[in-house]
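Chain G is already provided as a structure; the job is to place chain S on it using the hints.
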Amino acid sequence: MANFSIIAAKRILNAAALILAVVILNFLLIHIAPGDIVDTIAGEMGGISPELIAEIRADYGLDRPLYEQLALYILKILRGDLGHSFFYDVPVVDLILDALPQTLLLVITALSLALVIGTIFGVIAARRPNSAFSHFITVLSLIGFSAPVFWTGLMFLIAFASFIPLFPPAGMADLGLESGSLDYYLDVLHHMVLPVVTLALIYLAFYSRLSRASMLDVLGSDYVRTARAKGLSERVVVYKHALRNALIPIVTIAGLQFAQILSGAVLVEAVFAWPGLGTLALEAILRRDGPTILGILFFSAMVVVIFNLLTDLTYNLIDPRIRLGSKE
Amino acid sequence: MGHIDMTDQKSNQSQPASVTLEGAYEIPSIEHPLREAARMFARNKAALGGLILLVGILILTLVVPFFYTVDPFDLVWAPLSPPGTENVPFGTDYLGRDILAGIIHGGSATLAVGASAALLAVVIGLSVGSLAGYYGGWVDEVLMRITEFFQVLPTLLFAMVIVALFQPSVATVAFAIGVVSWTAVARLARSEFLRIRALDYVKAARSISSSNSRVIWYVILPNAMPPLVVQATLAVGGAILFEAGLSFLGLADPNVMSWGFMIGSSRDYLMDAWWTVTIPGVFIFLTVLAVSLIGDGLNDATNPKLRER
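Line order of the protein sequences matches chains G and S. Heads up: the first sequence begins at 1 in our numbering, then just goes up one per residue. Heads up: the second sequence begins at 1 in our numbering, then just goes up one per residue.
Hints are computed from structural coordinates only; laboratory data are not their basis. Each residue gets a CB set at the ideal place from its N, CA and C atoms; glycine is no exception. One should not assume that every hint holds.
Just a sample of chain G residues kept apart from chain S, beta carbon distances all over 12 angstroms, derived [as the list claims (entries may be wrong)]:
id: 1; residue: Ile12
id: 2; residue: Leu113
id: 3; residue: Trp151
id: 4; residue: Gly171
id: 5; residue: Ala265
id: 6; residue: Arg288
Covered by chain S, according to a simulated footprint, are these stretches of chain G (three or more residues, beta-carbon under 8 angstroms) [stated by the list, open to error]:
id: 7; segment: 135-148
id: 8; segment: 231-240
id: 9; segment: 270-284
id: 10; segment: 291-297
One chain only, chain G, in its complex shape (with noise of 0.2 angstroms):
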């Protein structure tokens, strides 16, 4: 255990060096950017003198060195103040913190599902690699891939909003219900299905793929056949010797891949108007709100950072074959 600590130590050392890194970044982007909040005060002010402009500057601190600057910006940040929205007119943490739930009951609904059952369908597969359900997946994989997920969300709206009007094309829930009571709750629900499906469908088609071949090469393995060998039942062989390791892979790709996937979720909010952070970062682009836009990057590296490190963290307890300093 005491190695687990050492490990657990040195990973989160490494995780708080990125999320500096991103905070660097984010204060570099700010400074490239053309025109900074004082040119937005000033185009709102109208004709404004040079001197004033100088005094605004200073009262910002952009008139000091940019190391100091940087100084001055990280310890915004650690103090939880990811500067003032431009176009909303209130703190950056608040918009965000408004539109996280969303996105991530969007997200972990969609994750939960694709990595279920795509590990079901996955598993099926690899039992049979050469039956027509395995096709199917290798099919499915492909389509899922090729397919972009806005348009996949478009046709559903067209199929199951407009052609056979089953579910709502836009939001969250209807308007005038109270929040909090049952029917809103069964409305989100409802209002929820067409984008999860979207959002899931691509992760379904990559899971199913990557268990089946993770399975595939678990079966083929030397401890599989000496179980068979022992004469136990297939399905335990399957299910209690083979899945356990072949979910290894699986689980850590999932955890990995949490920066696509809340890739991925930007486009369907953007397809279903659900009110989430890439919603927020899309209007906040389109109206040139940098600080926002910019607070949604920092904030969404950490998310992918915190996330990592948790799936890090889980995979060095799963997996005793892990040791610190192997890193392939």
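Below, chain S alone, put in the same frame as chain G:
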């Protein structure tokens, strides 16, 4: 459409795979690995279908524009005319622009961005990965930290920020996509270099004091190529989807017609005019499908482990 009549050719395809033995007592010549891979690829119906499909799409987007000269931004017919209307076989969008013209003229932007972004991703990824894998030690440590950093950035958000900071154009969009998609190539190149570096023929090359650059370029790289080519193909598919996503969100150059842009600009009308968003999406889908089929085929043809199956 080009690819429909081409499927006939595909079904006529039959490959007699024969190894030529010149005389009974001669040693059979060993086939060049590239030729062997080409033969394996040609035997794979799905991969060949993908290749034919891709050629069809390339002809459609690069050659056909010279013959179908309708400007995709021109208002040519009544808005929202369904497909099959006179003069506009694919119908028109909400402004009355010809969708067929958009498909034909919009493909080149998508393909150009996809190809150049993938090229950028491969160049960065290959440089980083090969140096890290070859030199190991602190070089590896530093380069892999940088790779890790790019891996935690949510790709689409970061690309959106880059495009928003610098005016959207074909070049900035390609740059943004390339910069966020090289990490997979780097990881693969690194592990291949690590593996091959330890093999005897590399030791042999070193023992005759070949320079580092010679070992990297002439000894290791050719042997690391097959999986990297497959990864590069995947990167092209990914970059095309990425470009489509950015254009769909309205973040690409608004003066350049592209398939993603067509979907994005027409999405408000999808309830009344399904064809405006469906048709361009089918073409994105077919293009990425063609590239993925080719990638799968290359993987099967170059990976001896998969060949036995």
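12 angstroms cut-off, C-beta based - Gly171 of chain G kept clear of every residue in chain S = 15 angstroms, holds
Would you say Leu113 of chain G is clear of chain S, with no C-beta pair closer than or equal to 12 angstroms?
-> About 21 angstroms separates Leu113 of chain G from the closest Cβ of chain S, which puts it past 12 angstroms; holds.
Proximity test - 8 angstroms, beta-carbon atoms, the segment 135-148 of chain G to chain S, at least three hits | holds (count 6)
Verify the coverage statement for the segment 291-297 of chain G against chain S, using a C-beta to C-beta distance below 8 angstroms and requiring 3 or more qualifying residues.
-> holds (count 4)
Exclusion check [Arg288 of chain G not at the chain S interface, CB over 12 angstroms] = Given a closest Cβ separation of 7 angstroms, the condition is violated.
Take a quick look at Ala265 of chain G and tell me if its Cβ sits farther than 12 angstroms from every Cβ on chain S, holds or violated.
-> 9 angstroms, violated
Is it correct that the beta-carbon of Trp151 of chain G has no partner in chain S closer than or equal to 12 angstroms?
-> Per Cβ check, Trp151 of chain G is inside 12 angstroms of chain S; nearest 4 angstroms; violated.
With a Cβ-Cβ cutoff of 8 angstroms, does the segment 231-240 of chain G contain at least three residues near chain S?
-> violated (count 0)
Are 3 or more residues of the segment 270-284 of chain G near chain S, judged by a Cβ distance of less than 8 angstroms?
-> holds (count 4)
Exclusion check [Ile12 of chain G not at the chain S interface, CB over 12 angstroms] = The claim holds: Ile12 of chain G sits with its nearest Cβ about 14 angstroms from chain S, beyond 12 angstroms.
Checked against the numbered hints above, the structure violates hints 3, 5, 6 and 8; every other hint is satisfied.
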